[in-house]
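Quick note on numbering: full-length UniProt numbering labels position 37 of the sequence shown as 37, and the sequence is numbered without any gaps.
One thing to keep in mind: the hints can contain errors.
What the hints assert, rightly or not - Per label pair, the in silico range of CB-to-CB distance:
1. 369 <-> 74: 21 to 29 angstroms
2. 310 <-> 71: 20 to 28 angstroms
3. 80 <-> 254: 32 to 40 angstroms
4. 196 <-> 8: 28 to 36 angstroms
5. 134 <-> 299: 34 to 42 angstroms
6. 53 <-> 349: 19 to 27 angstroms
7. 16 <-> 144: 28 to 36 angstroms
Hints listed in this document are in silico derivations from the structure and should not be mistaken for laboratory results. No residue lacks a Cβ here, since even glycine has one placed at the ideal position from N, Cα and C.
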Amino acid sequence: MDFKSELDEIREAGLYRSLRRMESATQRAVTVEGRTLLMCASNNYLGLANDPRVQEASIRAIREYGTGSGGSRLTTGNTDLHEKLEEELAIFKRTEAALLFNSGYAANVAALTALVGEGDLILSDALNHASLIDGARLSKAQRQVYGHADLTELDALLRGAQGRYRRILIVTDGVFSMDGDIAPLPAICDLAEQYGADVMVDDAHSTGVLGPNGAGTVDHFGLYGRVAVQMGTLSKAFAAEGGYIAGSRDMIDYLVNRARPFIFSTALSPAVIGAARAALQIVREEPHRREQVLAQAEWLRSMLRGEGFTVFPSETPIIGVLIGEAEEAVAFARRLEEAGVYAPAIRPPTVPAGTSRIRLTLTATHTNSDVDAIREAFAVARGAV
């Protein structure tokens, strides 16, 4: 198989990517090719990936259950450990039940391909995560995309769909991963109820971070009982791996029997489940972690705007700084590295052409000195042009 010509096109367009060797990583630092840099690109929002309590819980699970689950959940891989985490997640999300998947990507694909199909309609925000887009494509349902957070267009699409479909599902990120903005979820729920539709929210980047209980955008807006399908991950604020769907008991039982990514995947390993359970407990008991990261992120946004940078509107730990073309963003990221900050460029196809950016993410372990160092690195990187 020859991919040289296609690869040359990618290189010429400034879109080429290769893996970086990271020799070590902690909560705030990463060693890349022999240099230790300030980590500003991790989704470890609450700084729990190196927390001793999470590590010990993972080790205990290995000692009791072994290193691998040994099979799919419907054959030999189901344990009380998996079921306990699902029960705890359902309580956390205030739903009747929850179901674990091997990744957030798998959870989204599973839900969309199992819950909707021919004769149904999916209405999808233009900036939804790739896993939602792919799940919608695989579902065999009709798909229509509305402009990002455009409630007027969503209203028009819902009005035009009346009486034409068996089910209508509005699908949106809770927090959009590249811009960091929050979906207008209360208004989306209002429209769904007005037109007899259901709502699915991908809460990957808000679970553990937003809401009085840290349970995500549904918690943030107080929309319990109004969102039919809540998806979340264990790989970000929970510092583990995997994803889950939370909702009604009937829906979860249906997914167990119809969601192919669940049926045909080996269950998550005990170490991952042990770590996630410990992280969930910390999220519940230590709200100061999310308060810290949100405050630091707002401070950094303010400072970068003060330096003259164009910063995407956001209330989350995700801070997008617009650079422009892909080549410019890549060069800017290199200059940030030279100044001691690790924050790779985000460019097409992840974001639209002309909107390449530096995507910063803060964690609860970043200090005031770290935040000031990031600001200074941006100023140095711009001045080095």
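Evaluated hints:
no. : hint                            : in the structure
1   : 369 <-> 74: 21 to 29 angstroms  : violated (51 angstroms)
2   : 310 <-> 71: 20 to 28 angstroms  : violated (50 angstroms)
3   : 80 <-> 254: 32 to 40 angstroms  : violated (23 angstroms)
4   : 196 <-> 8: 28 to 36 angstroms   : violated (50 angstroms)
5   : 134 <-> 299: 34 to 42 angstroms : holds (36 angstroms)
6   : 53 <-> 349: 19 to 27 angstroms  : violated (39 angstroms)
7   : 16 <-> 144: 28 to 36 angstroms  : holds (33 angstroms)
The structure is inconsistent with the numbered hints 1, 2, 3, 4 and 6, although it conforms to all the rest.
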